[in-house]
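**Student:** Sequences are here, hints too, so could you generate the full structure?
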Amino acid sequence: MDVHLIPGLGTDHRLFGRIELPGHRMIARDWPTMPHGSTLADYASTLAATVDRERPHALVGVSMGGMVAQEMAALTGPRHVVIISSWKGPHEMPTSIRMLRGTHPERLISRTLIQRAKPFLRWQMGATTPEDIALMDALLDVHAVDQMQRQVDAVLRWNGPAKPVAGLVHLHGDRDHLMPLGPIRDAVVVKGGGHLMVHTLAPTISALLQRALAGEPLSSGPA
1 MDVHLIPGLG TDHRLFGRIE LPGHRMIARD WPTMPHGSTL ADYASTLAAT
51 VDRERPHALV GVSMGGMVAQ EMAALTGPRH VVIISSWKGP HEMPTSIRML
101 RGTHPERLIS RTLIQRAKPF LRWQMGATTP EDIALMDALL DVHAVDQMQR
151 QVDAVLRWNG PAKPVAGLVH LHGDRDHLMP LGPIRDAVVV KGGGHLMVHT
201 LAPTISALLQ RALAGEPLSS GPA
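Residue numbering for the sequence shown follows the numbering used here, starting at 1 and increasing by one per position.
Since the hints were made in silico from the structure, they are not lab data. Treat each hint with caution, since some may be false.
In the DSSO-like style, the derived pairs of lysine-lysine whose C-alpha atoms are separated by at most 30 Å in a straight line are [unchecked claim]: (1) Lys-163 x Lys-88; (2) Lys-118 x Lys-191; (3) Lys-88 x Lys-118; (4) Lys-88 x Lys-191.
The calculated label-pair distances, taken between Cβ atoms and stated as ranges, are [as the list claims (entries may be wrong)]: (5) Gly-215 x Ala-144: 31 to 41 Å; (6) Leu-108 x Pro-217: 22 to 32 Å; (7) Pro-35 x Pro-119: 24 to 34 Å.
Only a predicted model underlies this, so the values are computations on that prediction, with no experimental measurement involved. Each residue gets a CB set at the ideal place from its N, CA and C atoms; glycine is no exception.
**Tutor:** What follows is the structure, encoded as structure tokens:
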């Protein structure tokens with residue numbers, strides 16, 4: 001099965017460097033360059049156009065990628081959709097994030113701000129080892145500021161998919177500082193998982209993905 005791996009905001013295919021899915025064809029995606037005002041549905045439409053819908057496929061998205069995967073599901077007809085460290089709609093956003101909707105905080109993002117905020121961003125993402133920090137810094141350094149601004153804007157304006165995805169599997173860490181577990185519902189909780197757990201806990205996430213792609217039921221609660 002083709003497994004399309006969709007990264008998070010400000011990241012790329014390198015986020016999935018440790019994921020192993022024997023028996024499946026992994027296709028790690030990068031974000032397309034999008035114009036000002038693009039919605040997550042626009043991102044989904046652009047990515048969906050490159051999916052071979054004649055082949056059995058699954059969508060796996062992290063953070064913003066999980067939101068886009070939900071939008072793509074209505075366009076590509078995947079066998080499975082798995083979101084990791086993500087939201088299913090504004091109802092799962094913490095109050096601090098919901099309060100930012102409509103205020104356009106993305107306008108404050110600059111290369112200087114990103115550099116100064118790196119220590120906080122590392123903590124928020126759960127990057128603690130030298131290797132994790134190196135990856136996080138590399139991703140932040142390469143991502144174009146204007147594209148990051150547009151992605152933040154698109155996430156904050158997202159009202160959730162037009163129709164909930166049937167059979168959706170949601171993996172979420174209990175130590176996610178960026179998207180806290182509190183408001184999250186109906187998720188498989190990964191103990192010790194931070195926002196970057198697709199990288200930091202790759203063996204655990206790989207095993208859970210294998211089960212989800214095989215159609216095994218994953219009940220809500222601790223994995």
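**Student:** Next step is simple, just say for each hint if it's right about the structure.
**Tutor:** Do the hints match the structure? See the list:
| no. | hint | verdict |
| --- | --- | --- |
| 1 | Lys-163 x Lys-88 | holds (11 Å) |
| 2 | Lys-118 x Lys-191 | holds (25 Å) |
| 3 | Lys-88 x Lys-118 | holds (27 Å) |
| 4 | Lys-88 x Lys-191 | holds (20 Å) |
| 5 | Gly-215 x Ala-144: 31 to 41 Å | holds (39 Å) |
| 6 | Leu-108 x Pro-217: 22 to 32 Å | violated (43 Å) |
| 7 | Pro-35 x Pro-119: 24 to 34 Å | holds (32 Å) |
When each numbered hint is compared with the structure, a violation occurs for hint 6 only.
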